Amino acid sequence: MASLQSLDVVARSATTTTSPSVRQTPELAKLIDESKCIGCKACQVACMSWNDLRDEVGTNIGVYDNPSDLTPSSWTVMKFFEVEPTKGKLEWLIRKDGCMHCEDPGCLKACPSPGAIVKYANGIVDFISENCIGCGYCVKGCPFDVPRISEKDNKAYKCTLCSDRVAVGLEPACVKTCPTGAISFGTKADMVSYGEKRAGELRERGFQGAGLYNPKGVGGTHVMYVMKHADQTTLVDLPQEPTVSPMVSLWKGVAKPLAVAGMLGAVVAGFFHYMKVGPIEEKSGEKEDA
Amino acid sequence: MADRMLRRYEDRDRMNHWFIALMFVLAGLSGLAFFHPSLFFLTNLFGGGPWTRILHPVLGLLMVVAFAVLFVRLWRDNRITDADRVWRKHMGALLRGDKAGLPPVGKYNYGQKLTFWAMAASLVVLLVTGVMFWRPWFAGYFPVDLLRAAVLLHALSAVVLILATIVHVYAAIWVKGTVRAMTRGTVSEGWAKVNHPLWHREMTKER
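Sequences listed follow chains B and Z, in order.
Residue 272 in the numbering used here sits at position 272 of the first sequence, and the numbers go up by one each step.
Residue 52 in the numbering used here sits at position 52 of the second sequence, and the numbers go up by one each step.
Hints in this document: simulated from the structure, not taken from any laboratory.
This one's a predicted model, so the numbers in the text were calculated from it and none came from an experiment.
Hints are not guaranteed to be accurate.
To be verified - Derived, one-sided and incomplete: chain B residues facing chain Z with beta-carbon distance under 10 Å:
1. 13
2. 15
3. 112
4. 133
5. 136
6. 139
7. 140
8. 259
Said to hold, decoys possible - Cβ pair distances, simulated, as ranges:
9. Z:98 - B:145: 55 to 65 Å
10. B:23 - Z:44: 26 to 36 Å
11. Z:7 - B:152: 48 to 58 Å
12. B:63 - Z:44: 40 to 50 Å
13. B:261 - Z:22: 22 to 32 Å
14. B:18 - Z:44: 16 to 26 Å
15. B:169 - Z:44: 35 to 45 Å
16. Z:98 - B:253: 34 to 44 Å
17. Z:117 - B:208: 55 to 65 Å
Glycine included, C-beta positions come from ideal geometry on N, C-alpha and C.
With the hints as extra help, turn the sequences into a complete structure.
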């Protein structure tokens, strides 16, 4: 898989040189319109079906969420929220959870294994599992708590945005199956303008906080939401202004090249110190008495 | 008094030291493999990425356990004293090759003590943070923000440990006659007089 699409890779984990980037591919995006979602979970089923995933049968935790969270075998999960955005007005919000396919992916930044995480020119962030070493750094890099590591094989898994389907001109399985048209797929530009239009319609209908969720803190995402309450994204467990944690940026940013230089520098400094000053010897300057 | 020898380390301490050194090299190389992309090739020494990830914590843990034994044996000799604070003032001159004015030193000088405590402290941080994100065993018990801090601190204290070790090794090469303290367990009287006069007096007064 990796080698077939290597021409389309624009960013590669633990790689300090520029990836092949001559090909021009349009940036793509998936748009999830929360206001059109009926919570039928057909997207979950389509995801399982296309990706040949069968999660363990779990236990009911008293709400519709099933499974209750993303797992290595459940790359998308409908999450249900009973909330009161304004006092006394109950709303039932549903969010299809999964990888956001960030323009500036924290998982890719954190990954120490060359080529275990790639970003394609079309914006899809993909885990190349054969290169995964199971360290769990992607989990720490992700601002959305998405990657899950399998107990079976110690590899990280998440939504691929059906990179295999998209590569041959098909839309992702969840998009194809959605019965209400709540999920659309197209160029990023088209999806942004369509999403803005939908958010505008929602505002006209009285949802003053409606908007498009395309957070700038991670450079924008290739999975976006039309939200009735874009001003209160934490209602549906989404960070209002997600960024890659400054601790991860520091750890994987300036600190490491500086530290490598520091360690090499210490060795080089020692070498030149010896050559300049010379060793301390028993007899040096010490009178040899009885 | 040509070549009278003084015993500086028991055999069991020397063997423990070299076990720590070995584990340091292995844990260090396997850890550096994940430290920066330019060092990922080091995973080849350990059988590839996943094997390096599996082995690194075990190697590190062995190093910490062995160092704990060494710590118990040596910490009393490494307590910082007033004389050390005087010694510190002369450190710059010493590095320029000028030993005049150095106060007499006991078993360890201030630089050695500093290295000892830097190693001990960084190993404690490496142990605590390393266990926290040791997959698949413990990482699940901690919130992700804590783990982010842990990996940052782990890398930071690894750098401290490596720098301290570079200083440690260089000092042993720089001060002639030092290495045999660990390879043979003994040092010459001349060496002791020059570098650790108080210890020399202590070692020879009974005779």
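Structure-based check of all given hints:
1. 13: holds (8 Å)
2. 15: holds (6 Å)
3. 112: holds (4 Å)
4. 133: holds (4 Å)
5. 136: Holds: closest Cβ of chain Z sits about 5 Å from residue 136 (chain B), inside 10 Å.
6. 139: With a closest approach of 7 Å, the residue 139 (chain B) hint holds.
7. 140: holds (5 Å)
8. 259: With a minimum Cβ separation of about 5 Å from chain Z (threshold 10 Å), the hint on residue 259 (chain B) holds.
9. Z:98 - B:145: 55 to 65 Å: holds (58 Å)
10. B:23 - Z:44: 26 to 36 Å: With Cβ atoms ~31 Å apart, the hint holds.
11. Z:7 - B:152: 48 to 58 Å: holds (55 Å)
12. B:63 - Z:44: 40 to 50 Å: This hint holds: roughly 48 Å between Cβ atoms.
13. B:261 - Z:22: 22 to 32 Å: holds (27 Å)
14. B:18 - Z:44: 16 to 26 Å: holds (24 Å)
15. B:169 - Z:44: 35 to 45 Å: holds (39 Å)
16. Z:98 - B:253: 34 to 44 Å: holds (41 Å)
17. Z:117 - B:208: 55 to 65 Å: holds (60 Å)
The structure fails none of the hints (numbered hints given earlier).
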